[in-house]
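Peer 1: The chain contents come next:
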Amino acid sequence: MALTPVQNQTPAFTAAVSAAAGGFFGLFVGTAQGSGLLGLVIGAVLLGAMGFVYCNLLAQEKPVRWATVAVFAIAGFLLGGLPALVVGALFGWFAGWFIFWLATSSYRKHLPPYLTPGQVLWYYSFRVICGAIFVFLITPILVVMPLSFNAENFFTFTPEMLRFDPEGYSLKHYQDFFSNDDWQQALWNSLRIAPMATFLSVSFGTLAAIGLSQPHVPFRRAIMAVLISPMIVPLIISAAGMYFFYSRIGLQGTYFGVVLAHAALGIPFVIITVTATLVGFDRSLTRAAANMGAGPITTFFRVQMPLILPGVISGGLFAFITSFDEVVVVLFVGSAGQKTLPWQMFTGLREQISPTILAVATILVAISICLLTTVELLRRRSERLRGMSPS
Amino acid sequence: MKLRKLTALAATTALCAPMAFAADMADEMTIVSWGGAYSNSQLKAYHEPYAEKTGVKIINDESSNEAVAKLRAMNEAGNVTWDVVDVVAADAMRLCDEGLAMEIDPDEHLAAAPDGTSAEEDFGELLVSDCFIPQIVYSTTFGYRTDLVGDTPPTSVCDVFDLEAYPGKRALEKRPINNMEWALLCDGVAKDEVYDVLETEEGQERALAKLDTIKDSVIWWSAGADTPQLLADGEVVMGSTYNGRLFSVIEEQDQPVAMLWDAQVFDLDGWIIPAGLSDERKARALDYIYFATDTQRLADQAKYISYGPARASSAPLVGKHAELGIEMAPHMPTDPANAQNTFLYNYEFWADYRDDIDAKFQAWLAK
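Read top to bottom, the protein sequences are chains A and B.
So for the first sequence, our numbering puts the first residue at 1; every next one is plus one.
So for the second sequence, our numbering puts the first residue at 392; every next one is plus one.
It is worth saying that the hints were derived from the structure and are not from the lab.
In this text, all values refer to a predicted model and were calculated from it rather than measured experimentally.
Don't take each hint at face value.
[Stated by the list, open to error] Here are the in silico distance ranges between beta carbons for each label pair: (1) A/His-216 / B/Ala-750: 56 to 62 Å; (2) B/Lys-711 / A/Cys-130: 58 to 64 Å; (3) A/Ile-236 / B/Ala-730: 41 to 47 Å; (4) A/Asn-180 / B/Ala-600: 46 to 52 Å; (5) A/Ser-284 / B/Arg-463: 41 to 47 Å.
[What the hints assert, rightly or not] Partner residues are not named here, just some residues of chain A that face chain B (Cβ under 8 Å, in silico): (6) Thr-4; (7) Ser-229; (8) Gly-337.
[To be verified] Computed footprint of chain B on chain A, listed as stretches where at least three residues anywhere in the stretch have a Cβ under 8 Å from a Cβ of chain B: (9) 152-160; (10) 348-355.
No residue lacks a Cβ here, since even glycine has one placed at the ideal position from N, Cα and C.
Please model the complete structure; the sequences and the hints are all you need to start from.
Peer 2: In structure tokens, the structure reads:
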């Protein structure tokens with residue numbers, strides 16, 4: 001339902017704003033093709049003219065928009081084949097929608113009537129900026145995915161891939177990952193190290209968080225700062241320190257050494273998340289349990305643990321990801337026998353740019369998304385529980 | 392648990408070991424190399440036959456790039472975990488000077504050629520350091536996109552500096568070595584005077600001034616895999632890299648790329664054994680080196696990668712590529728047709744001038 005009564009805009013206004021949008025897109029397209037200025041001018045003139053003309057065709061919105069899509073799609077196809085057809089159709093759809101959205105003043109319908117034009121402009125600019133930031137953050141990750149299905153051994157979008165020719169795609173890099181001994185050894189090492197490091201971080205981190213949340217513990221802040229320090233000290237410093245220390249006591253280059261080092265990196269995450277959950281934990285529950293004859297250990301496992309579990313699990317997930325993604329410390333503390341996935345990717349990128357790395361990256365991104373979704377679901381559950389507990 | 396597993400392993404291998412498996416050698420060794428296709432060629436030519444012969448477990452580390460720094464750190468921490476390390480000759484010299492690598496007596500520690508020529512003579516002048524056992528001769532040279540250079544493909548290294556005839560980006564290594572020599576050569580300095588000119592302040596300025604003419608069209612690379620990727624992308628028209636990488640791009644990956652062998656710069660790569668190994672591990676490392684650098688083994692490596700074997704006696708044994716079945720000899724940097732105009736990496740010059748010229752080069756890059 002419209003908040004604000006609107007009337008159609010003048011052709012001049014529509015043409016000017018469409019021209020600005022056209023120039024914006026034209027700048028990108030033009031830069032990619034070699035001349036940003038030319039693209040900007042062509043885009044601005046094209047959309048400006050369209051905006052001016054369409055203002056007089058408001059009654060036939062539907063057919064005009066379809067015609068725009070068709071014209072852009074055909075133009076794209078003639079210029080660059082199938083991929084350009086898709087891009088052209090999308091752009092045509094956007095251009096048609098945008099111009100009519102402007103011309104009919106639809107953009108004002110859902111905004112309060114008292115907003116000044118400047119405020120309306122800012123309302124939409126803000127959304128465009130947010131969208132641009134989002135695109136900027138996510139594109140590098142998305143680009144990796146289609147490239148991992150490349151049939152060639154380079155990080156290149158081949159002409160076949162751009163034509164959507166099935167010949168240009170293959171699963172061979174995934175096959176390489178699953179059949180190559182180096183990668184399998186690395187995967188296996190990662191899977192052996194990360195859960196053990198997570199287990200240690202979670203055990204020690206949870207204990208530390210519970211201890212540090214007791215009001216009577218002396219020097220709580222100082223102890224907390226020391227425990228959190230692996231998160232703050234530059235990784236390369238901790239790694240070099242660990243290297244020399246572990247070498248002296250014979251832990252360097254051993255499985256247990258890497259696990260310990262990763263556990264030290266994971267503990268801060270567990271402490272922080274568990275401490276946060278403990279803020280909402282009602283201490284009278286433990287007193288009630290003690291009152292009913294439960295020992296401290298029973299109380300911990302039967303009363304406290306179930307309530308802080310979401311915090312423990314999300315801390316554990318962060319600890320797991322830390323160990324699973326970590327390359328600096330393992331390069332120092334590990335030896336070739338403990339080569340993990342990130343290590344293999346690191347040397348692989350330097351020595352031979354093979355899309356197998358992209359295949360692995362895609363798999364890891366998928367795993368990370370699953371884990372983060374779990375964290376988010378747990379966080380919501382914890383909030384719900386906290387809302388229910390008496391304060 | 393690991394210890395128990397290890398002792399069990401040691402016990403079983405000791406029981407089953409053939410006579411050749413001497414009791415005073417370690418039964419596990421860590422070999423450090425560069426990774427990628429190069430490590431793979433060593434795996435096929437050296438590691439697998441050696442493991443089969445002796446039952447040793449070989450662990451591959453791919454840290455050659457930071458070998459000097461890591462060996463220093465290991466030495467400081469008193470915990471050397473590597474047994475045999477593959478490094479370029481310049482790194483071997485540094486390690487040898489710092490006492491981090493063991494000295495090798497070629498005639499005692501290395502196999503003689505099949506015809507009885509001593510190892511020292513067989514390797515000849517490639518034995519550039521007392522600690523270094525040469526393995527391959529590789530070269531840094533140019534490759535170009537055959538479809539981007541028009542009808543007249545480049546034939547001289549100076550075409551790299553010719554932006555008019557060959558417009559487009561070039562890939563050059565982000566360090567002064569090689570680039571300075573090429574720049575002077577193309578600025579009209581005679582080949583045998585290049586280092587005399589480069590010694591002087593004006594000569595260095597002159598080389599940088601020549602590089603300045605193409606600076607805007609250069610993409611600087613630092614890892615050997617960069618140029619092949621840039622060439623495959625068509626991002627550059629020509630670029631320098633190691634000849635084995637170009638071989639792989641051209642023959643194995645089938646890209647429209649060709650070699651420009653003119654003024655290629657030869658360099659050596661080979662083994663060192665870190666100083667300070669226990670007797671058992673040292674015996675094992677020496678045994679491996681004796682095996683892996685004999686005439687046949689060095690020739691075998693050339694079946695998998697186009698680097699020239701360091702022994703004179705290996706050259707006639709170089710055969711066909713193991714998978715592609717093409718003759719490898721014409722792809723060797725040392726092949727007479729390719730080696731008409733070559734440089735040898737000038738170890739002495741760069742040992743003396745590297746820091747100085749590096750600083751100037753980096754300052755020039757930042758300008």
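Peer 1: Take the hints in turn and mark each one as holding or not.
Peer 2: Here is what the structure says about each hint:
1. A/His-216 / B/Ala-750: 56 to 62 Å: 60 Å, holds
2. B/Lys-711 / A/Cys-130: 58 to 64 Å: Hint holds: Cβ distance 60 Å, inside 58 to 64 Å.
3. A/Ile-236 / B/Ala-730: 41 to 47 Å: 43 Å, holds
4. A/Asn-180 / B/Ala-600: 46 to 52 Å: About 47 Å separates the Cβ atoms of A/Asn-180 and B/Ala-600, which means 46 to 52 Å holds.
5. A/Ser-284 / B/Arg-463: 41 to 47 Å: 59 Å, violated
6. Thr-4: 51 Å, violated
7. Ser-229: Constraint on A/Ser-229 not satisfied, violated at 22 Å.
8. Gly-337: 6 Å, holds
9. 152-160: holds (count 5)
10. 348-355: Since 6 is at least three, the answer is holds.
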